[in-house]
Every structure is written in structure tokens, then in C-alpha cells.
Amino acid sequence: MFYPHTESERAEMLRSIGVQSIEDLFVDVPEKYRFPKLDLPPSLTEMEAVTLMQELANENYSTHDLICFLGAGAYNHYVPAVVDNLIRRGEFLTAYTPYQPEVSQGTLQAIFEYQSIIAALTGMDVSNASHYDGATAAAEAVVMAYHNFRGKRGKYIISPSLNPQFRQVINTYLSGYDNVSVAGPDELDPMSSPDELEQFIDMDTAMVIVQYPDFLGRIYDYAQLANKTHALGTLFAVVVNPLALALLKPPGEFGADVVVGEGQPLGIPMMYGGPYLGIFATKKEYVRKMAGRLVGETVDEQGKRGYVLTLTAREQHIRREKATSNICTNQGLIALASAIYVSLVGKQGLRQVAELCYHKAHYAAQKISQIEGYSLCCNAPYFHEFIVCCPKPVEEINAHLLEHQILGGYDLGKNFPSLDHHMLLAFTEMNSRDDIDLLCDVLAEVAND
Amino acid sequence: MTEPTIYEMSVAGRVGMKYPQPDVPLSPLPDDMLRRDLPLPELSELEVVRHFTNLSSKNYSIDGGFYPLGSCTMKYNPKVNEETARIPGFTGTHPLQPIETVQGNLILMYELQNWLAEISGFSAVTLQPAAGAHGEYVGVMIIRAYHRDRGDLKRTKILIPDSAHGTNPATSAMSGYNVVPVPSDARGNVDLEALRTLCTDEIAGLMLTNPNTVGLFDENVLEVINIVHQAGGLVYGDGANFNAVLGIVRPGDLGFDVMHFNLHKTFSTPHGGGGPGSGPVGVVEHLVEFLPGPLVDVIKEGDADDYPLFGFVEPPKSIGRVKSFYGQFGMHVRAYTYISMHGAAGLRAVSEHAVLNANYLLSRVRGKYKLPYDRICMHEFVVEGSWDDAPDIRALDVSKRLMDYNFHPPTNYFPLIVHEALMIEPTETESKQTLDQFADALLKIAEEAHTQPDLLKSAPHNTPIGRLDEVKAAKELVLCCWIPEDIE
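Protein chains in written order, with numbering that gives the first Met the number 0: chain U, 0 to 448; chain E, 0 to 487.
Pulled out of the complex, with its shape left as it was, chain U reads as follows (with noise of 0.2 angstroms):
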């Protein structure tokens, strides 16, 4: 299909190499098993195939069709024209990872960018160049606290009210340690306010992780519950919302010894949840126990400023068996999307947004509030999402609202059955004031049915 080759050429080159046939180039895979049939539909021409995609992409309703008060960890934002544009252009998408730095300091640069920008919103000292999303960056954080202590710590503590699929990939990730357990989130209802994780660290706790603005959408001033972390000497990790950090407090002023996060909100389109963009970002101390990519500012020969891969010694290719971890490649691509998205937004814009999000959540809340059958369920400060306790089960709601072309909230029950009958929504600047009453006016419709 994309190969080039006329039948004289490969003739020609055939000579050159000095066989016969193609099939000549194959005699040291076991003749038995050589060519196999595959069972494969015929091929399309690009005319073909772009309908066939288009049709499949007809069998969904997006956001297009959709009002969408759906978060949970994915949110629909606006993304400029500028960002697709711009990282559309081969020059960024068919590169590789700049191993080269003299071919490579477009990448390179824009990664230190990205760099930067994160540990501006985070009040870190450093970021790295990405992790595939935010759980596999928070399931980093606690790889590295393993290692710190060398595995002398064993006891990992977990918020009730982080997102229950970063807390699954970090379950995963420990299992192939041993010696270590996780506490928090059996013993504690989701709702608990921070403090109550403060029972559980000891000399033992080699991380304890919270959400800012947690699963719930809660916000919560943590620096007392770091303060109490790092009596025991134990490492603070805050998994963060960049987009809520344009308004927040970053948690490099709480205490936080390592950031991490889901840039998705940064630019990037919801994708049926991938591409997205791990986070990482930490203090300088442990610069040297972060895994992932770091571009860092050197100059040539002539002295004339440039970029290179830096630290390559904690990585896999160079340190093998004792690298901080086996990442290779990453998310460069989501990365410098990000970084196009706040340098273009830039710091007006990104607080505009932020703020946009508060006031229709809390605009919404405050109705939702009033209509008969519905009570808010918010025992702190909240950003863009709020809990709605409902008077039927979430599924029936959802399913009415559907019928309103209204993607409704988050069944809060799947994960916590405390929250049973519970709906997480969440608001961004993409809805209307009208969206929004619409949404209100259905779900009185549905408590009335």
C-alpha cells in the first residue's frame, strides 16, 4: 500500500542482495509455519476506509449530540483551533523521541516548555516529560517512594476520595512488590474529610496520596495532613486537576512532595479516553528518583543555547534492570498539545476557564438544590463537580436524561456502595446557562415520574 517498489526495482535489488525471490529472505523462519493464511477483510482503498470510519463513528453519540455534564476523571473543554494545528504538523508528529538533540531541539524545546509550565501551576521545583496518564503518573509517585525507602516502607496510604481507577492501577503496580499493603480506602467512608487519614501513617507509611479537588470534587486545604506526613517522614503525593490550579493553591505551597495529575483538561480532546497526559512533577530532592524523560538547557560548542535529554542515567536504556522504571516512550505528542494550550490561553485565560467552570457547577448547584427529591451532598468547597443525592436510582435518571440528549453524572455507587442512589456532574465552560436549566427542568421530570 505505502511501499514504493516498481517490479523492475525490486528485480534490481533482488540481484543486488543475490537471491532469487523475495520468499528467499524468509529460509530461517520454520518452513512449517511460513506464510500463514490470514483471515483478515479485503482491503480498502483511503476512499473506502474513510467511510467505513465514518460509519462506525456514526454508531456513536458524542459530545456533538450530546450535552455533557459527565467528568470523572475525562472533561469536556473547548480546544482551540491553534493546538490541533499546530501539533499536526509532521515536523512534531513524525519525529522521534529526540534522542538527536542537532535534529531534534523543536521537540526538545517544547518539552522543557511543558517542563515549565508544569512545575508553574504545580509549585514544584520540576516536571518531567509526561507518563502515559494521570493513574500510571500517581502509580509512578508510588514506585519511587518505594525505592527512596528501598523498600523498607511497605504501607501505602490511599485516599477514600481518589479516583477509584488511579487507586485500582496503583493496586496493580504494588503487586509486584512485596512486603507492602495499601490502607484508607476500605476503612474509611469516601465523604471523610483528610484528617481521618492521619490515624493510619506511621514509621512504616512510605506515601500517603490525596486528590486536589478530589474524586468527589471537594477541595481540602491538606497542609496539616502533610504536616503530619512528613513528621514520619514519609513522602506527601497530591494528584491534581491542572486546569483547577489556575484558581487553587498549587501543592507546592501545602507540602507536596510530589504532583501528580491528569493534564487532560489541558487541550486535550476526551478521545473515548486516550491520548491523555500523565503528570509528574516533584521537588528537586528527588530529581534523580523520578522516572520518565527530562529535557534539560545546555549550549554547543560556539556556546549557543540547546536542549538535551538529561539524567538518561535513572532510565531504562542506560541503567536496564536498575532504572526507576521501564518507561521508554511516553506522551510527547499530549505533552506539547498541553503546552500550545496554555501558552495560547496563557495566564488570563486559564483562570477565565477555571473560574467559568466554578461559577456554573455552583449556579447549578444552587438550583439542583432546590428541586424536590434532590439534595446536594457537599461537605466542603467543591471546583467543577459536586454529588447530587437523587431520589431514584442513577442509572433511571441517566436514561431519561439520555432521552434529553443529556449525558448526565457519574453513578457514584458503582464505586462506593455508601453512594448508592449518588451522581457526580460536573460543569465546564462549554455549558450554557440554558444547558444547565435544561438539565434541571429533566431531572424534576424524572422525580416526578
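Check before you lean on any hint, since a few could be wrong.
[To be verified] Taking beta-carbon pairs under 8 angstroms as the criterion, some of the chain U residues facing chain E (in silico):
#: 1; residue: V26
#: 2; residue: D27
#: 3; residue: P40
#: 4; residue: P41
#: 5; residue: N57
#: 6; residue: I116
#: 7; residue: T135
#: 8; residue: Q164
#: 9; residue: D177
#: 10; residue: D220
#: 11; residue: R319
#: 12; residue: I333
#: 13; residue: V341
#: 14; residue: Q351
#: 15; residue: K359
[What the hints assert, rightly or not] Using 30 angstroms as the maximum straight-line C-alpha spacing, the simulated DSSO-like pairs for lysine-lysine come out as follows:
#: 16; chain 1: E; residue 1: K474; chain 2: U; residue 2: K283
#: 17; chain 1: E; residue 1: K474; chain 2: U; residue 2: K303
#: 18; chain 1: E; residue 1: K471; chain 2: U; residue 2: K282
#: 19; chain 1: E; residue 1: K153; chain 2: U; residue 2: K151
#: 20; chain 1: E; residue 1: K474; chain 2: U; residue 2: K321
#: 21; chain 1: U; residue 1: K366; chain 2: E; residue 2: K17
#: 22; chain 1: E; residue 1: K316; chain 2: U; residue 2: K154
#: 23; chain 1: U; residue 1: K321; chain 2: U; residue 2: K282
#: 24; chain 1: U; residue 1: K321; chain 2: E; residue 2: K471
Bear in mind the hints are in silico, worked out from the structure with no lab data behind them. Yeah, the Cβ is synthetic: ideal placement off N, Cα and C, and Gly gets one too.
On the provided structure of chain U, position chain E as indicated by the hints.
Leaving out everything else, chain E in the frame of chain U:
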């Protein structure tokens, strides 16, 4: 010219993007939780566009030229993939939507799972892993889960050939295993005698890249797999080099138990300057129950009137989730487009031409570069970038000099078993003319190494920047646009 950083370009008060005024009443903000300062850049839209366009011009790319990086499969990334992956019906779907509203996505993932299983000869495939190394991690955790499920706890070691990618040992360590290296023999195969000695009842398995990283198909692959199986171990296939064997041989047929794919190598999704990749994993029948969940499956059979309903299932003994949601869906769309445009015959032709190109290039440079293993190669080959009679020249110098001829260098200093290695993978999408130009450059450089070595030592000369001081970078650690102490 040095391009300023976005922070250097920033002008206080500049606005790049306007947002509508709130259409709802304002609520009080949580004063005690607000940040005091937001140190982000302030640029106009044009400044942003120009800055990143200028940066992009400092990159070498497949779209711009030949990129023969061994082990990376830098083939052409079809533009149609970028179109299909941006159809609004895909991009605008939320990962937690009810399954009834995303049947298109689920059909696509279901069929891609099946196609990859068919191409590789495995029973089932998970699309969840985000990249090759992530796929390796899933594979080794599955091997671990298999042994543990059988109550076989004494297996603490993983065998890894000395030619393997660094991700293999790093993955094994992350999965709680001790790494035992296996030597290669004089023909570049796994050393069978050494393997027999190492295969005790303490080995969990072997991680094998085949074709291996010197570009050779292991002549004894069936015997290698058999030895490991006899010892009760499983065989992991590193799919980094799968571009050599599409429609040529199915790893599942050879006896591999588990393997990862690199959609960003074999199935043409772009590398993006370092990612995103996508690393689905295939397994044989007796390992299906350990796959990370969820998998896409038919959850309600269809009939004459209704389509089947696709949804998610959890394998009963799953190693657990390894990523949020279902994998790099955008990459799944691209790979699906690519496979649908090839079919069985087209995929076989991909590998045939990849192998043809590599052998042709090898035939052009043989005699001028030392070959550690002179055999018919698969999709790539390794030469030595040094000569006894040009003692100052190293592989790195050859690489840098290639930039002056407007080529991207091959992978250098890998695999570790080859002295001054240059690992060359042309891929099937390059024409004979391009290969000839590259071969001519390599031959010219081999000559220059002997006649004008300084030309190589001081290369590159035509790039946006010269050789960079990596020691200074690692020592001073300037990792963002300001020195951390300067914040506040």
C-alpha cells in the same frame, strides 16, 4: 537562530484567547484556597503559532526525510489516519458514556482485538497498555500471575538475552523478578547450551525479541521455546520487531505465550516526538483469564432484527487495571484504519518490502562497514561504526556526519553486544532511490573516516545547533525556564 522561550516572549497583559463572559450569576470564590500568583506566559495567538512553527522547523521528521532508526520502525505515517482519528464522532466521546451510546467505538476496539489476535496467532488481545514498555509490563505480570495461580512460587527469575532492549530487564525488575542474562552465540542466535543450563525450575520465563535486535530471525526459535517450556517457563515475545513478520509467521504458532504489539511502529501510528504509543498484548488460551480488564466483547448476541450489543468484560483472574479507561483509543482508530487498508496480502507485502529494503541496503554497504553477523537479515541490520585503520572515529561520529548529508542517524550504541553499533532499519515505505542516496552517504563517510577524520569529529555542520554539552546539562540541571530558587 536561537528561539526564545515562551516565558522570554511573554508580555504582561497580553491575551491570546478570549472566553465568553459568564452567563450565570457569580458565586463567591473560596478565598483561603486561592492562589496568589499564576506564573504562566502571556502571548498573542500569532506569537504562539509562530513560536511553535519555528520550533518545529528545528526537528528532523519522517515527513521531511529518511529516518533509518533501528528498532523504531520509522515508516510513513499515513495522513488518512490523522483524518479518521479526528472524526468528531470519535473525538467527542466520553470514556464513561453508557455503552449503548458508543457502539461504534466498541465495535472498532472489538475488531482490532480480533485482527491483532489473527495476525499474531494469539487467542485474545488487550488494547489497554499505553506503549511498548507498558505492554511488556502487562505481559510479565501475566506470567507472574500464571505461576502464582498454580501455586508455583519458587520461580523468581526471568531470562533475558544480552541483545535485548533495556525495557525488558527494567520491566522484569518492576514485576518483582531477578534478571538473568542469556548470551548470544556466534551467529547471533540465543546460545542453546547456555539456555539449557539456565533453565531450572526457578525461571518464570524468557523474554525474547524475534527477529532480535541485530535484525536476525533466531534459527533455533522452536528449540529455544521448547527448552523454556520444558523447564515450566513461559515465553514472552517483544513485538518491537513485528514489522518483519506480518503474514510471514505468527508468533503464537511458534509457541510464544504472550507478546506485545507496538501500534506506533508496526501499525503506522505516529511517534509524535516520543509518544503517544500504544502497546496491546496478545496471549495464548491459558493466559486469557489473567489479562487486564476490561476487554471488549459481545455482551448480548444479535439476531435478525438487532445488532449484537458490545460492552466490557472483566477476565476472572485479571492482573488488574494498568491504565485509566481502555488504552490509547486515538491510536486504535489509526491502527484500525491502517489494517483495513491493507488486508492479509497487504500486510504480508509490508514485511516483505521491509525485509527487502534492509537486505538491499546491507548489500550496498557490505565490505565498507564491518558486519558482526553476516547473514540474511530481517527488517534491520547492525554494522560497526569504527575501523581499525581509523582509530579516532566512533559510531557517534558517523551518526553526526550523516546529519550533514541530511539523513537522520541510525540507532547508535545499541545493541550492547555489538562494538560501536549502528543499527539501521529502513522500513518498507522508502524507495530504492532513497536507499541508494543513503548508501552513497554511508560509503562516502567510510571514506572520509580514513581521509578526513576531522570532518566526522566536528560534525554536524549544517544543523540548527552543534554538538551539545551533555555533561553541563546533567551537572547544572536547568530543567525549566527559571532556576527553582528564583520562584516567588
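Structure-based check of each hint:
no.: 1; hint: V26; verdict: holds, 7 angstroms
no.: 2; hint: D27; verdict: holds, 4 angstroms
no.: 3; hint: P40; verdict: holds, 7 angstroms
no.: 4; hint: P41; verdict: holds, 5 angstroms
no.: 5; hint: N57; verdict: holds, 6 angstroms
no.: 6; hint: I116; verdict: holds, 7 angstroms
no.: 7; hint: T135; verdict: holds, 6 angstroms
no.: 8; hint: Q164; verdict: holds, 5 angstroms
no.: 9; hint: D177; verdict: holds, 7 angstroms
no.: 10; hint: D220; verdict: holds, 6 angstroms
no.: 11; hint: R319; verdict: holds, 4 angstroms
no.: 12; hint: I333; verdict: holds, 6 angstroms
no.: 13; hint: V341; verdict: holds, 6 angstroms
no.: 14; hint: Q351; verdict: holds, 5 angstroms
no.: 15; hint: K359; verdict: holds, 6 angstroms
no.: 16; hint: E/K474 - U/K283; verdict: holds, 13 angstroms
no.: 17; hint: E/K474 - U/K303; verdict: holds, 17 angstroms
no.: 18; hint: E/K471 - U/K282; verdict: holds, 21 angstroms
no.: 19; hint: E/K153 - U/K151; verdict: holds, 23 angstroms
no.: 20; hint: E/K474 - U/K321; verdict: holds, 21 angstroms
no.: 21; hint: U/K366 - E/K17; verdict: holds, 28 angstroms
no.: 22; hint: E/K316 - U/K154; verdict: holds, 25 angstroms
no.: 23; hint: U/K321 - U/K282; verdict: holds, 22 angstroms
no.: 24; hint: U/K321 - E/K471; verdict: holds, 24 angstroms
Checked against the numbered hints above, the structure violates none of them.
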